Amino acid sequence: MSVATEQAPAEAAPGVRAARKRGPDHRPGLSRKLPYLLLAPAVLLELLIHIIPMLVGIWMSFVKLTKFFIANWSAAPWAGLNNYRVAVDVHNAVGEGLLKSFGVTVVFSAVTVVLAWCLGMAAAVALQPPFKGRSAVRTLFLVPYALPAYAGILTWNFMLQRDTGAVNHVLVDNLGILSDRPFWLLGGNALTSLITVALWKLWPFAFLTLMAGLQSIPQDIYEAASVDGAGTVRQWRNITLPSLRPVNLVLVLVLFLWTFSDFNTPYVLFGTAQPPAGDLITFHIYNASFLTWNFGSGAAMSVLLLIFLMIVTGAYLVVTGRRSRRA
Amino acid sequence: MRLRSLVAAAAVSALGISLAACGGSDSGDSSNGGSGGDQTLTYWASNQGTSLDNDKEVLTPVLQKFTQDTGIKVNLEVIGWNDLQTRIQTATTSGQGPDVLNIGNTWAASLQATGAFLPFDDEAMKAIGGKDKFVPTALATGGKEGEPPTSVPLYGLAYGLYYNKAMFAAAGLQPPKTWEEMVTDAQKLTNPAKKQWGMALAAGSYTENVHFAFINAAQNGADWFDKDGKPTFTGDGNVQGVLRYLDLMQKDKVANPSNAQYDNGTKSVNDFATKKVAMVINQNNADSSIVANGMKAGEYGVVPFPAPAGAAAPVGSHVAGINLSIFKNTKHKDAALKFVKYMTDATTQTTLGKPFSSLPVLKDAKPVFTSDAAEAATFQDVYNNKSKPLPLVPAEDQFESTVGKAMNSMFGKIATGGTVTADEVKAALKTAQDQVAAGS
Numbered sequence: 001m002s003v004a005t006e007q008a009p010a011e012a013a014p015g016v017r018a019a020r021k022r023g024p025d026h027r028p029g030l031s032r033k034l035p036y037l038l039l040a041p042a043v044l045l046e047l048l049i050h051i052i053p054m055l056v057g058i059w060m061s062f063v064k065l066t067k068f069f070i071a072n073w074s075a076a077p078w079a080g081l082n083n084y085r086v087a088v089d090v091h092n093a094v095g096e097g098l099l100k101s102f103g104v105t106v107v108f109s110a111v112t113v114v115l116a117w118c119l120g121m122a123a124a125v126a127l128q129p130p131f132k133g134r135s136a137v138r139t140l141f142l143v144p145y146a147l148p149a150y151a152g153i154l155t156w157n158f159m160l161q162r163d164t165g166a167v168n169h170v171l172v173d174n175l176g177i178l179s180d181r182p183f184w185l186l187g188g189n190a191l192t193s194l195i196t197v198a199l200w201k202l203w204p205f206a207f208l209t210l211m212a213g214l215q216s217i218p219q220d221i222y223e224a225a226s227v228d229g230a231g232t233v234r235q236w237r238n239i240t241l242p243s244l245r246p247v248n249l250v251l252v253l254v255l256f257l258w259t260f261s262d263f264n265t266p267y268v269l270f271g272t273a274q275p276p277a278g279d280l281i282t283f284h285i286y287n288a289s290f291l292t293w294n295f296g297s298g299a300a301m302s303v304l305l306l307i308f309l310m311i312v313t314g315a316y317l318v319v320t321g322r323r324s325r326r327a
Numbered sequence: 001m002r003l004r005s006l007v008a009a010a011a012v013s014a015l016g017i018s019l020a021a022c023g024g025s026d027s028g029d030s031s032n033g034g035s036g037g038d039q040t041l042t043y044w045a046s047n048q049g050t051s052l053d054n055d056k057e058v059l060t061p062v063l064q065k066f067t068q069d070t071g072i073k074v075n076l077e078v079i080g081w082n083d084l085q086t087r088i089q090t091a092t093t094s095g096q097g098p099d100v101l102n103i104g105n106t107w108a109a110s111l112q113a114t115g116a117f118l119p120f121d122d123e124a125m126k127a128i129g130g131k132d133k134f135v136p137t138a139l140a141t142g143g144k145e146g147e148p149p150t151s152v153p154l155y156g157l158a159y160g161l162y163y164n165k166a167m168f169a170a171a172g173l174q175p176p177k178t179w180e181e182m183v184t185d186a187q188k189l190t191n192p193a194k195k196q197w198g199m200a201l202a203a204g205s206y207t208e209n210v211h212f213a214f215i216n217a218a219q220n221g222a223d224w225f226d227k228d229g230k231p232t233f234t235g236d237g238n239v240q241g242v243l244r245y246l247d248l249m250q251k252d253k254v255a256n257p258s259n260a261q262y263d264n265g266t267k268s269v270n271d272f273a274t275k276k277v278a279m280v281i282n283q284n285n286a287d288s289s290i291v292a293n294g295m296k297a298g299e300y301g302v303v304p305f306p307a308p309a310g311a312a313a314p315v316g317s318h319v320a321g322i323n324l325s326i327f328k329n330t331k332h333k334d335a336a337l338k339f340v341k342y343m344t345d346a347t348t349q350t351t352l353g354k355p356f357s358s359l360p361v362l363k364d365a366k367p368v369f370t371s372d373a374a375e376a377a378t379f380q381d382v383y384n385n386k387s388k389p390l391p392l393v394p395a396e397d398q399f400e401s402t403v404g405k406a407m408n409s410m411f412g413k414i415a416t417g418g419t420v421t422a423d424e425v426k427a428a429l430k431t432a433q434d435q436v437a438a439g440s
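These protein sequence lines map, in sequence, to chains A and B.
If you read the first sequence in the UniProt record's numbering, its first letter stands for residue 1, the second for the next number, and so on.
If you read the second sequence in the UniProt record's numbering, its first letter stands for residue 1, the second for the next number, and so on.
Bound conformation, chain B alone (with noise of 0.2 Å):
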């Protein structure tokens, strides 16, 4: 009997897909409701907010005044983001999604190679009211270059170096320009006698490790991906970038080695409100829960993450964001097209700019995640001035997950009280690159 049950057991992985096919089912429903003009459309929301729950509250009456305008109801659920994406594959393997979602910006285009979504084409283009009304590097997230994308920009996130005014002016420090200097700086205000810090790293999770080890690259003018798609994770300028963000714990010593169990952003950012440690990277939507962990609004300032002296490019952050898909299966085409109008429109997109502390993803929008003008204005810098988009390649999602999960043993091996030289990185991205190469 139990061999039997061990049989299953080992088949489970084998049988991902099968399984995942009657885990995704539940939510589909985008039968109900049939092309009269009682129409139901499955709306899957990723968490933006505090919790779940708040981002239900936050979304409830967004989607009741949906729903009074145009007698189309959405039935909306919230997803966590370690949930997200394999809810999405399964979705897409079952053919049993919602009809609408929110995606990572950056799986855009692997999510666009499964051909599970429809394209905005010109006439879906301008039936959510034309390409011109968003960001132009907002809008490049959408999917492969050259191709109709299969998202739209929704909300817009980018990285931003947050820093302790307290902490800043006690020791006669200014907010860091470069590198060097924010390098400079955290020494100063690392004290691990008195359990201080100079930097929280999210060093053992995957999805920020690899976001930092594009932005570093991308400041040494390094890519990731040929033109043709293929891998170059070996190159030097990808080896030097990582090496240079591994350093922060290894060699510069700015951080607590025990970031390296912080498997999310939030642990680094709660160090920092807190005052644990003087500086965070993190995406503006950190606002929120810097602020519910006690710390007050004119107690911290913000300036773009900043590349070494002489850099290649001042590539401050990724073009980070959410993006809408809709299911190409959908039975409700036009309903879905006239909801994601309506959530990408400035009214809604002006309503949920604070909750969910995001930057317009329209033109001419003004940021309202803040009363703090200096913080927005850096921040709308960062996202429209200092910004580039992750590889737009088909392999996106294996690069995060190979390149980020190689920089998480790497971060544990310093932590651990050995040491990463650059050839063992260049090893490690080889590794990488080679997973890639035989999944692709």
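The shape of chain A in the complex, shown without the other chains (with noise of 0.2 Å):
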């Protein structure tokens, strides 16, 4: 929105002049101004909300941020590098437990970012021919999504427990299919279930993505293939695949930037009781930051992890960029 607003007085500037030459009452002061006094509370809150706090953040990496200091933290001492060396040594159990999460949270955003697009791609492909009740079907996928994160992944958490769970009932009591009751939210089951709940979360949007792009995508195309004799998974690889190519370049980085920095899953399925297999790396995080008052080393995490993620999303938009012009 705002981008948009602000090209409009460059585009508009002949227009502008049009104006003022049929406009006997027009002040030219305040039209030049007027769009920029529109953007002010915008740039404004951009700056309160994301530009300052991230400059506070970045100052505090730099900064031995502890409990002896936070209640004057303008106060705190230089720390130079000290938070970054201790967070990138892998030798030490900060550095070590910073690695292992940024692992765990490797394996869980991938997994996750594939199956929510598979899931998505297949459930828009199979509701794009109209049927009875496929507006339904429709809302009733898109449930989860709309559902508060919290109310939904709490739900998770219920009936993931061992010995009270709904999951272990019906897979042991009523279906009989394992005969011992595992734990779901222990040990190496944690990050299955951290993915169940978090592709559970994120489908839905994949699906809502897919399927608007699909419909955008004009319908004689595929008459034309079928008539030439190209059969349905022809037409998915030869015509809906590409055609939904700048779709698919969004959905994909959104989904990974969301499922890298995923907080509240951990936080609520887990609660303070997570195990090592779900410790993804914004909890980490936080768990750092809060639990061991380390501030300044929390905020060192953050800030690489922040340069991470736009190192990545760089050479995303870089590579698809090239390949997008080259095409």
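To be clear, the hints were calculated from the coordinates, so they are not data collected in a lab.
Small disclaimer: the values here were computed from a predicted structure and weren't measured.
In this text, a Cβ means the ideal position worked out from N, Cα and C, and glycines have one as well.
Be a bit skeptical, because a hint or two may be false.
Restricting the straight-line Cα-Cα distance to at most 20 Å, the calculated cross-link-like pairs of lysine to aspartate or glutamate (EDC-like) are [unchecked claim]: (1) B:Lys194 to A:Asp163; (2) B:Lys253 to A:Asp163; (3) B:Lys133 to B:Asp345; (4) B:Lys430 to A:Asp89; (5) B:Lys165 to B:Glu181; (6) B:Lys338 to B:Asp132; (7) A:Lys100 to B:Asp434; (8) B:Lys253 to A:Asp173; (9) B:Lys328 to B:Glu123; (10) B:Lys230 to B:Glu147; (11) B:Lys194 to A:Asp89; (12) B:Lys195 to A:Asp163.
Some chain A residues well away from chain B (every beta-carbon gap over 12 Å; in silico) [what the hints assert, rightly or not]: (13) Ser31; (14) Leu34; (15) Leu37; (16) Val86; (17) Val107; (18) Cys118; (19) Ala123; (20) Ala136; (21) Gly176; (22) Leu178; (23) Gly187; (24) Leu199; (25) Gln235; (26) Arg237; (27) Ser243; (28) Arg322.
Here are the computed distance ranges between Cβ atoms for each label pair [what the hints assert, rightly or not]: (29) A:Pro130 to B:Lys194: 55 to 61 Å; (30) B:Lys65 to A:Leu38: 53 to 59 Å; (31) B:Glu424 to A:Ala151: 34 to 40 Å; (32) A:Asp89 to B:Asn293: 47 to 53 Å; (33) B:Thr60 to A:Thr164: 34 to 40 Å.
Join the two chains into one complex using the hints; note that each chain is given alone, in its own frame.
Now the structure itself:
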């Protein structure tokens, strides 16, 4: 929104001049300032909400902000690069913990994005041809996305409890698929559970985006392809996928960024009893900052995460942009 | 657009402080009232009763009486345990805290280190009725040794071993006096096929876990910090103490592995109250939950949490409880001191002792939390004679979180079929120790 408003005055400049000739009571000074005046609240809020806190966060990563200084945190002593040194030194407990949680997050993010995309695509394609009750199914699919995250994840927490949870009740008591009641929120299964819950929450977004994308593809292309003898799979590969390319570029990036910085899911799903296999990086940073009162070190880890995400995003945009131009 | 939100999301942790600064200002009413006669104090109370509303119901008449006596109004907010520490951090950071607040007494030395709390020096101590009115062990939790404390005791708590009298009688057992007896009894009362277990452990609660790491190590005569406040987590006494507690689930198999998901003490107490387990180790404020869950007062007994035969010290609990602190930047210091004096006077202590199931922190006061004289005497004895304060060092809170979480992980490993050896306990404690060192 704000970007569009910003560009408007430059393009509209000749028009404004024309208007000045027409309108006798026109005030040229105001018209030049008006766009900036209209933008000002947004810029101000942007500064307050994003830019200034970010700068404070970056500053914090260079100071020794422990419990001894939080009451007067502007007086925290300078730490130079020490917080960063500790965070990347894999031979100490802090660096090792950060690296492990980074590894967990990479696996979590990659698996969740791939599955969310596949599910979303399958559902979007399946719901493309009109049939009775289609809108009801669509609405049903969007429920996880519309539900408040906290309520949804907390329900999963109840369902995944070992003794009292619905999942074990169905798998063990009703269906008899498993003989021993497994733990879903402890040990190795924790990561599977985390991915399942994140996927449940995330795939409707992929579905929604891809469905919108599909609807923008003209039907006559499919008809022509069909006349030429192309089957469903071939149509999907040669028409649907290339047409959805711009949508997919954005979708995959957004899914990656969301999953990589997911905090709600592990925080609500595991509570204070989180297992090592569910230690996602933002959650890890939260614990490092708030449980050990070491906000300087937590800030340094956050900045490192930010840099990593910016590099990945930048590389992604360059690579995909280059391919788009070639295509 | 999304990228920008993401950037913001990634920065959230980095910005914990600035965000926190906004979040904590909702209770910054301390400037109300001015310096005239019509003063208003803001008081953050921790959750002591059966619910936040229950706390309000209990405290409101007590606070009204204070207002009647002094003309000072008290603006009450009750805060749940899970939020309390973060709220205090936030208030400390922003300077927008209440005038008076409850803290877990184990955090006293850590909070003192922030410099945000009013020291109870001789003058302040005199204003609240003198330090001699308090039980010395309770007062010792107020802050770092050798410095004026920044908190004074309000509610006393201690651990005890609750046992089901009928189950013990049916098995022909006596309540245990040593750790070994406790394990043997628990094994006899364990029958997984019938879903009955000897004990319930809050094995997924890092705060409970760290208490037992501390108590078991104390029974071995081991300390977690040296005289300079440096962590000594990997000492043999600590490792063996932690392992002994883990073994209740691992080697002795007297606790349901599912207990590894019990992330607070309520769940293990509920198992005891609903007669699924024969024993539970909990603080005396478990009484209200046990009764609320249908167990009658005469159906359970309490003995001190036992130490192994030949233990170095008969420690059965840390000095648990709630302390009162005053924010240093309060604009109503005198009113705040009056309030602390009122909350820690004999009458108020008696009024609140029963609904909050607390032990008196005042000398010569009698426990009123239970009508069972034997239980009252047991807890008072543990509190006065068999308790040791958690380390009174600034890094105490880091000790709680790192060691407690390490124990969560180890219980998780045991519950999912793994084994934890003494070497692995030592390695986990070494990691915890390194984390503490990095943060101080």
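Okay, the hints, checked on the actual structure:
The suggested pairing of B:Lys194 with A:Asp163 holds, with an alpha-carbon distance near 14 Å, which does not exceed 20 Å. For the given pair, B:Lys253 sits about 17 Å from A:Asp163 by alpha-carbon distance, which is consistent with the 20 Å threshold. With a C-alpha separation of about 9 Å, the suggested pairing of B:Lys133 with B:Asp345 holds against the 20 Å cut-off. Note on B:Lys430 and A:Asp89: the hinted pairing holds, with a Cα-Cα distance of about 16 Å set against a maximum of 20 Å.
Pair hint B:Lys165 plus B:Glu181 holds up; C-alpha atoms about 16 Å apart against a cutoff of 20 Å. With a C-alpha separation of about 17 Å, the suggested pairing of B:Lys338 with B:Asp132 holds against the 20 Å cut-off. A threshold of 20 Å between alpha carbons decides the hint, and for A:Lys100 with B:Asp434 the separation of about 16 Å falls inside it, so the pair holds. For the suggested pair B:Lys253 and A:Asp173, the alpha carbons sit about 24 Å apart, so the restraint of at most 20 Å is broken.
Among the hinted pairs, B:Lys328 with B:Glu123 is consistent with the structure: their alpha-carbon atoms are about 15 Å apart, no more than 20 Å. Taking the CA atoms of B:Lys230 and B:Glu147, the gap is near 18 Å; set against the 20 Å cutoff, the hint holds. Annotation: proposed proximity of B:Lys194 to A:Asp89 is violated, straight-line Cα distance about 50 Å (limit 20 Å). Between B:Lys195 and A:Asp163 the CA atoms are separated by roughly 11 Å; this keeps the pair inside 20 Å, and the hint holds.
Residue-level check passed: A:Ser31 sits 28 Å from the nearest beta carbon of chain B, beyond 12 Å. Once the 12 Å rule is applied to beta carbons, A:Leu34 is consistent with being away from chain B; the minimum gap is 24 Å. A cut-off of 12 Å between C-beta atoms confirms that A:Leu37 is not in contact with chain B; the least separation is 23 Å. Once the 12 Å rule is applied to beta carbons, A:Val86 is inconsistent with being away from chain B; the minimum gap is 6 Å.
Taking the minimum C-beta to C-beta distance to chain B, about 19 Å, the non-interface status of A:Val107 holds against the 12 Å cut. For A:Cys118, the non-interface assignment is confirmed: its Cβ lies about 21 Å from the closest Cβ of chain B, beyond the 12 Å cut-off. With a minimum CB-CB distance of about 21 Å to chain B, A:Ala123 clears the 12 Å threshold, and the non-interface call stands. A:Ala136, annotated as away from the interface, keeps every beta carbon of chain B farther than 12 Å; the closest lies near 29 Å.
Annotated as non-interface, A:Gly176 keeps its C-beta farther than 12 Å from every C-beta of chain B; the closest such distance is 18 Å. Look at A:Leu178: its CB is around 14 Å from the nearest CB on chain B, clear of 12 Å, so calling it non-interface holds up. Here A:Gly187 does not stay apart from chain B, with its beta-carbon only about 3 Å from theirs, under the 12 Å limit. Consistency note on A:Leu199: stated as away from chain B, and its beta-carbon is indeed over 12 Å from all of that chain's, at 19 Å minimum.
No beta-carbon of chain B is positioned within 12 Å of the beta-carbon of A:Gln235; the least distance is around 30 Å. Remark: the non-interface label on A:Arg237 is consistent with the geometry, its nearest Cβ contact in chain B lying 28 Å away (cut-off 12 Å). With a minimum CB-CB distance of about 22 Å to chain B, A:Ser243 clears the 12 Å threshold, and the non-interface call stands. At roughly 19 Å, the least C-beta separation between A:Arg322 and chain B is larger than 12 Å, which holds for a residue marked as non-interface.
A hinted range of 55 to 61 Å for the beta carbons of A:Pro130 and B:Lys194 is consistent with their spacing of about 58 Å. Between B:Lys65 and A:Leu38 the Cβ separation comes to about 57 Å, which falls inside the hinted range of 53 to 59 Å. For B:Glu424 and A:Ala151, the Cβ-Cβ distance of about 38 Å falls inside the hinted range of 34 to 40 Å, so the restraint holds. Against the hinted window of 47 to 53 Å, the Cβ-Cβ separation of A:Asp89 and B:Asn293 comes to about 49 Å, which satisfies the hint.
For the hinted restraint 34 to 40 Å between B:Thr60 and A:Thr164, the CB-CB distance of approximately 36 Å keeps it satisfied.
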